[in-house]
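Visitor: Listed below are the residues making up each chain.
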Amino acid sequence: MTPPRPAPQPTDASQPFWDACSRRELRIQRCRKCGLLIHYPRLCCPSDGGDQFDWPQMSGDGKVHSYVVSRRAFHPAFADETPYVIAVIELEEGVRLLSNLVGVETEAVHIGMGVSLVWDETSGPYPLPKFRARAAKAGEGA
Amino acid sequence: MTLHRKAAVTGVGETDYSKASGLSDRALQLQAIEHAIADAGIRRQDIDGVIPSPHGSGFTAEGVSEHLGLRELRFSATLHFGGANGMTAMHTAALAVASGAARHVVVVAGRNGSSGARISQRPQLLQPNFEATREFEAPFGATVPMHFYALMAKRHMHLYGSTSRQFGMVAVTARAHALLNDKALMRSPMSIDDHQASRPLVDPFRLFDCCIESDGAAAYIVSAADAARDTREKPAWILGVSEGHPDSAISVVTRSDMLRTGVGLAAPRAFAMAGVKPKDLSAAMLYDPFTFMVILQLEALGYCEPGEGGPFVESGGIALDGALPTNTHGGLLSQSHSTAGINHLCEAVKQLRGSAGEAQLKTTGPIVVTGNGDFGDGAVAILAAD
Chain A
1 MTPPRPAPQP TDASQPFWDA CSRRELRIQR CRKCGLLIHY PRLCCPSDGG
51 DQFDWPQMSG DGKVHSYVVS RRAFHPAFAD ETPYVIAVIE LEEGVRLLSN
101 LVGVETEAVH IGMGVSLVWD ETSGPYPLPK FRARAAKAGE GA
Chain B
1 MTLHRKAAVT GVGETDYSKA SGLSDRALQL QAIEHAIADA GIRRQDIDGV
51 IPSPHGSGFT AEGVSEHLGL RELRFSATLH FGGANGMTAM HTAALAVASG
101 AARHVVVVAG RNGSSGARIS QRPQLLQPNF EATREFEAPF GATVPMHFYA
151 LMAKRHMHLY GSTSRQFGMV AVTARAHALL NDKALMRSPM SIDDHQASRP
201 LVDPFRLFDC CIESDGAAAY IVSAADAARD TREKPAWILG VSEGHPDSAI
251 SVVTRSDMLR TGVGLAAPRA FAMAGVKPKD LSAAMLYDPF TFMVILQLEA
301 LGYCEPGEGG PFVESGGIAL DGALPTNTHG GLLSQSHSTA GINHLCEAVK
351 QLRGSAGEAQ LKTTGPIVVT GNGDFGDGAV AILAAD
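Residue numbers (this note's numbering), protein chains in the order written: chain A, 1 to 142; chain B, 1 to 386.
Rather than coming from a laboratory, the hints here were simulated on the basis of the structure.
Treat the hints with care, since some could be wrong.
As the list claims (entries may be wrong) - In silico SDA-like cross-links for lysine to any residue, where the CA-CA straight-line distance does not exceed 25 Å:
| # | chain 1 | residue 1 | chain 2 | residue 2 |
| --- | --- | --- | --- | --- |
| 1 | A | 130 | B | 134 |
| 2 | A | 130 | B | 256 |
| 3 | B | 19 | A | 73 |
| 4 | B | 234 | B | 180 |
| 5 | B | 277 | B | 183 |
| 6 | A | 33 | B | 256 |
| 7 | A | 130 | B | 66 |
| 8 | A | 130 | A | 36 |
| 9 | A | 33 | B | 255 |
| 10 | B | 19 | B | 198 |
| 11 | A | 130 | B | 158 |
| 12 | A | 130 | B | 180 |
| 13 | A | 33 | B | 277 |
| 14 | B | 279 | B | 254 |
| 15 | B | 183 | B | 134 |
| 16 | B | 19 | B | 180 |
| 17 | B | 19 | A | 130 |
| 18 | A | 130 | B | 254 |
| 19 | A | 130 | B | 130 |
These figures come from a predicted structure and were not determined experimentally.
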């Protein structure tokens, strides 16, 4: 039997992020004082030290900043998924996160490619925000 | 206070490198320390500072002091920068001896990275500096260092057109150097075709883009300038040393520029302190967990312009007879990876003393040594024989 995937262990900083994922909402931490979007979540704003936050919902659109194709699983939970695409996604709101591209041919993936959010609810305690290819918007590039 | 010529490396020591040492990592570390003390020609009791290994079974400064029978430990610091520890420790040790806090600081690192906890699995280990990786990256299958360095390499290929063949030439050159070194683990020749035929693991990396996993330890002694004049071997003077940490110190993903690593941030400070320009270097010992990182560091040090590292390597620039002989011991790729890069420093010191064996360079002006760990923490030191 395939062992479980490494599961997120929310902290006092990140619990609202994962609670939002449970509702299938991609919400990113924002400093109430200066408006900075912060990812990964922190206990204080790295810009002004503020400790009051709201969690605006993201559009779910972004582009590939970098990616790799993992042809081997180095953790047994991913053995059935190879080859899988690990990508750094830059959301159109400006923050980056690490995710997977799903439903794409590995050869078709490229840096600058437009992607949109899709939820993976196949395993683990929280739905995971993943991404699929999206038709390119005019003027979009790396 | 500048650290320029305020400290020197006076002793280096290495255990054998192997796939299965049969010793505990503490025993390996003690063996390396004993070799370094003997090399320096000092007594154990002359050591008054200890920077212990971040890896292995948690051999603390107190533990090292206890085993060495130190009369009085006056200085210790424990660093958590993974593979950068070996050289960030030089910065710390130089500060300690230059300030008078200590006279002889020993730095050690070593582990059973092959027969014990495998080096390739590092982020899966429960270490505090990987908290973001565990929470936000591992659930997506990004579980090993290769995934993160490959993300950096892919970005570099996109921006500058660097190629897998250029990465391959780093591996081929390291192997050619290892063939001259009887302390190196990998002793069979490698061609660029061998590299290109090796198994793709995480595109763009193939098996031969990866360092080896091995067992072993290495240690060195940093001495104050006045103390360095009493040691047995010719000191390797620290002309400049600095460390750097990227603007997200914990994740490749969220830093403003994933290619702007600690080595690049530290390099201008280290070169300015040394009064040396990159083109003045006679050799480079660059931390090489993956082939691409040699190319990135040639650029980060200012030796090559951004994007020119790959073509420089491909044209033979890092070979023994190239413009900047690099990793003349075989590096992490072909000598050993178990000492947080202290094997690179040991090689630099041997080159400066003229005792590097078959790989000995004819000219030994300043040599740069880098450390790089946890996907971007870094340190740069520039050493010279006089």
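Visitor: Does each hint fit the structure? Answer for all of them.
Guide: Comparing the hints with the structure gives:
1. A:130 - B:134: holds (17 Å)
2. A:130 - B:256: holds (22 Å)
3. B:19 - A:73: Measuring from Cα to Cα gives roughly 23 Å; hence the hint holds.
4. B:234 - B:180: The given pair, whose Cα atoms are some 24 Å apart, holds under the 25 Å limit.
5. B:277 - B:183: At roughly 31 Å apart (the allowed maximum being 25 Å), residue 183 (chain B) and residue 277 (chain B) break the hint.
6. A:33 - B:256: holds (22 Å)
7. A:130 - B:66: violated (52 Å)
8. A:130 - A:36: Measuring from Cα to Cα gives roughly 23 Å; hence the hint holds.
9. A:33 - B:255: Holds, at roughly 22 Å.
10. B:19 - B:198: holds (21 Å)
11. A:130 - B:158: Holds - the C-alpha atoms of residue 158 (chain B) and residue 130 (chain A) are around 23 Å apart, at most 25 Å.
12. A:130 - B:180: violated (48 Å)
13. A:33 - B:277: Not OK: residue 33 (chain A) and residue 277 (chain B) at ~45 Å, beyond 25 Å, violated.
14. B:279 - B:254: Violated, at about 33 Å.
15. B:183 - B:134: violated (36 Å)
16. B:19 - B:180: holds (19 Å)
17. B:19 - A:130: violated (39 Å)
18. A:130 - B:254: holds (17 Å)
19. A:130 - B:130: Judged against 25 Å, a Cα distance of about 22 Å means the pair holds.
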